[in-house]
Amino acid sequence: MTAYVRDTALLTARSLRALPRVPERLLDVTVQPIIFIVLFLYVFGAAIHVPGISYEDYMIPGIIGQSLAFGIIGAGVATSNDMNEGVIDRFRSMPISRLSVISAQVMGQFCEQILGMVIVVGLGLALGWTPHLTLVHGFELAGLIALGMFAFTWAGVLFGMIVRSPDAMQGVGFIIVFPLSFMAGTFVPISKMDAVPRAIAHWDPISALVASVRNLTQGTHATGSWQLTHPELAMAFWCLLVVAVCVPLALRRFNRKLAM
Amino acid sequence: MQPMNESLAIEATGLIKRFGSFTAVDSLNLYVEQGTVVSLLGPNGAGKTTIVRMLATLLRPDGGSARVAGYDVVSEAARVRSVISLTGQFAALDPHLTARENLVLMAQLRGLHRREARAVTQQLIERFDANEFADRIVKTLSGGERRRIDLAAGLIVTPQLLVLDEPTTGLDPRSRQVVWSTIRELVADGVTLLLTTQYLEEADALADRVVLIDHGREIAAGTPAELKTTVGAQRIDVVAADNAAFGSLELLLSERFEVSTVPERRTISIPAPDEAADLTRVSELLAGCDVAVDEVALRRPTLDDAFIALTGRPAEPELIEEAA
Numbered sequence: 001m002t003a004y005v006r007d008t009a010l011l012t013a014r015s016l017r018a019l020p021r022v023p024e025r026l027l028d029v030t031v032q033p034i035i036f037i038v039l040f041l042y043v044f045g046a047a048i049h050v051p052g053i054s055y056e057d058y059m060i061p062g063i064i065g066q067s068l069a070f071g072i073i074g075a076g077v078a079t080s081n082d083m084n085e086g087v088i089d090r091f092r093s094m095p096i097s098r099l100s101v102i103s104a105q106v107m108g109q110f111c112e113q114i115l116g117m118v119i120v121v122g123l124g125l126a127l128g129w130t131p132h133l134t135l136v137h138g139f140e141l142a143g144l145i146a147l148g149m150f151a152f153t154w155a156g157v158l159f160g161m162i163v164r165s166p167d168a169m170q171g172v173g174f175i176i177v178f179p180l181s182f183m184a185g186t187f188v189p190i191s192k193m194d195a196v197p198r199a200i201a202h203w204d205p206i207s208a209l210v211a212s213v214r215n216l217t218q219g220t221h222a223t224g225s226w227q228l229t230h231p232e233l234a235m236a237f238w239c240l241l242v243v244a245v246c247v248p249l250a251l252r253r254f255n256r257k258l259a260m
Numbered sequence: 001m002q003p004m005n006e007s008l009a010i011e012a013t014g015l016i017k018r019f020g021s022f023t024a025v026d027s028l029n030l031y032v033e034q035g036t037v038v039s040l041l042g043p044n045g046a047g048k049t050t051i052v053r054m055l056a057t058l059l060r061p062d063g064g065s066a067r068v069a070g071y072d073v074v075s076e077a078a079r080v081r082s083v084i085s086l087t088g089q090f091a092a093l094d095p096h097l098t099a100r101e102n103l104v105l106m107a108q109l110r111g112l113h114r115r116e117a118r119a120v121t122q123q124l125i126e127r128f129d130a131n132e133f134a135d136r137i138v139k140t141l142s143g144g145e146r147r148r149i150d151l152a153a154g155l156i157v158t159p160q161l162l163v164l165d166e167p168t169t170g171l172d173p174r175s176r177q178v179v180w181s182t183i184r185e186l187v188a189d190g191v192t193l194l195l196t197t198q199y200l201e202e203a204d205a206l207a208d209r210v211v212l213i214d215h216g217r218e219i220a221a222g223t224p225a226e227l228k229t230t231v232g233a234q235r236i237d238v239v240a241a242d243n244a245a246f247g248s249l250e251l252l253l254s255e256r257f258e259v260s261t262v263p264e265r266r267t268i269s270i271p272a273p274d275e276a277a278d279l280t281r282v283s284e285l286l287a288g289c290d291v292a293v294d295e296v297a298l299r300r301p302t303l304d305d306a307f308i309a310l311t312g313r314p315a316e317p318e319l320i321e322e323a324a
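Chains as they are written, first to last, in this note's numbering: chain A, 1 to 260; chain B, 1 to 324.
Keep in mind that the hints are not guaranteed to be accurate.
To be verified - So the derived list for chain A, only partly shown, Cβ under 7 angstroms to chain B, looks like this:
(1) Leu-10
(2) Arg-21
(3) Gly-86
(4) Arg-92
(5) Ser-93
Simulated from the structure, these hints should not be mistaken for laboratory data.
Values in this document were obtained by computation on a predicted structure and should not be read as measured data.
Heads up, the beta-carbon is just placed ideally off N, CA and C, and yes, glycines get one too.
Given these sequences and hints, build the entire structure.
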């Protein structure tokens with residue numbers, strides 16, 4: 001067990017040490033959310049009116065929820081890159097726990113997601129977002145965000161091992177996660193959408209993330225479906241479901257990932 | 001459990017690996033005595049890497065069994081990993097760390113403390129003459145430099161069995177010489193080595209025993225000398241300067257010798273059991289006539305000849321492409 005902790009720490013340190021030498025790998029958690037915030041706040045925001053709430057207060061919680069979901073793409077692309085490196089083969093042929101190799105992958109990605117979240121929250125606050133958090137809600141929010149990052153990082157690690165290349169992962173992310181993250185009441189209210197996207201949004205897991213963050217920070221109450229009226233419960237449920245499905249599959253996949 | 005032979009570093013019987021409907025390794029038997037160097041020799045796609053990956057516990061065999069230092073590669077995989085060191089075909093290093101950082105990391109993962117890990121790393125860097133580039137990021141190193149660090153990473157703890165998968169593929173001749181001399185030193189220290197290669201001269205230069213692999217099967221095995229004798233004695237090759245000369249040479253030489261010809265290379269081969277004496281006779285005959293000759297040379301059979309004799313095609317991938 002101590003060997004597992006030690007090996008995981010060593011391997012996590014390896015990923016983090018490499019990061020400053022390939023800063024382009026961090027674009028998805030740094031530049032991308034900044035562009036989204038600025039675009040929506042100053043380009044689209046001026047034309048969007050959400051009754052009873054300033055657009056900063058409406059949109060920043062949305063971006064936080066969306067960033068959690070984008071963790072799948074980020075972790076997936078990074079894992080797909082890493083698994084193609086020969087060094088993984090060396091780790092696998094060494095007398096170290098294979099679980100520590102994949103744990104370190106998750107830890108490294110988790111740290112990147114935290115960096116991204118700090119940037120989003122920091123920029124949001126600087127541009128006029130005013131969360132109204134009680135201490136209890138603050139802990140609840142931090143706990144849910146950490147759980148969300150954990151779950152979506154594992155999902156990304158799993159997909160990153162399944163897809164054939166980082167480009168394929170980008171593609172899958174763009175086709176599935178991207179639209180779902182826009183339909184989730186992230187930037188505009190679900191109630192004003194057309195019938196079909198509205199029906200999707202009511203049960204889109206990302207809607208639960210967005211509604212939870214908005215609920216806890218601004219005290220708004222979404223309606224339309226069970227998961228929107230109970231967003232925190234729904235978010236915890238979705239995240240735990242993702243963990244329950246993705247963790248065992250990712251471990252199995254890693255042990256079997258036996259490229260020629 | 002089967003009884004194990006203590007002196008065998010590798011004992012593989014009936015090993016099979018399939019990828020879909022393609023059988024990459026087909027009922028392979030392989031025995032490697034401790035302290036010897038065995039080379040798996042075969043063209044690209046012969047199944048060498050698949051064999052090595054099964055022995056290194058990276059691939060699960062679909063049939064048969066394999067033991068490394070007495071441990072089963074499936075049921076005792078963790079023990080196998082503790083006695084084996086694999087250096088693969090592609091540099092197994094973190095491209096974004098420096099050479100030194102890579103070695104320290106591998107040493108720490110082998111259970112060494114930071115200080116010990118640094119000391120071992122420094123020793124390896126000196127042993128592999130890598131001081132010059134030890135603190136550069138691996139991505140920026142040349143192929144030969146990378147391969148040396150790769151080899152060093154495999155030797156942090158002296159393994160009972162060292163497996164090198166195509167250690168010089170893609171290297172320039174000078175780097176190849178450096179890698180070869182490193183391998184020779186290791187062998188002199190008594191390391192058991194399994195080496196795969198598609199270069200006949202490499203197997204010839206390094207191995208005690210060569211196993212020729214084709215389509216995932218062993219097609220021949222023996223010392224390099226034994227394999228060469230399977231294709232017969234040495235010969236003299238006379239290469240004509242042009243096609244007209246080739247015709248007259250063939251006429252001239254076939255009167256006195258038992259010749260075989262390779263018209264596309266304008267080469268006439270003559271068996272030369274008496275070596276120098278035969279060479280002298282051929283030279284004298286050629287000197288007495290006025291035919292343009294490019295080259296006259298005494299050829300000893302190479303492993304390449306053995307490969308052609310056994311499979312009906314050359315081993316070197318370049319030659320296969322030319323023939324296709």
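Under the criterion of a CB-CB separation shorter than 7 angstroms, is Arg-92 (chain A) in contact with chain B as hinted? 6 angstroms, holds
Have a go at the Arg-21 (chain A) hint: is there a Cβ in chain B nearer than 7 angstroms to its own Cβ? Holds: closest Cβ of chain B sits about 5 angstroms from Arg-21 (chain A), inside 7 angstroms.
Less than 7 angstroms between beta-carbons is the criterion; does Gly-86 (chain A) satisfy it with respect to chain B? 4 angstroms, holds
Are Leu-10 (chain A) and chain B close enough, Cβ to Cβ, to be under 7 angstroms, as the hint says? OK, holds: Leu-10 (chain A) within 7 angstroms of chain B, min 5 angstroms.
Does Ser-93 (chain A) pass the interface hint, meaning its C-beta sits closer than 7 angstroms to a C-beta of chain B? 5 angstroms, holds
Figure legend: structure checked against the earlier numbered hints; every hint is met.
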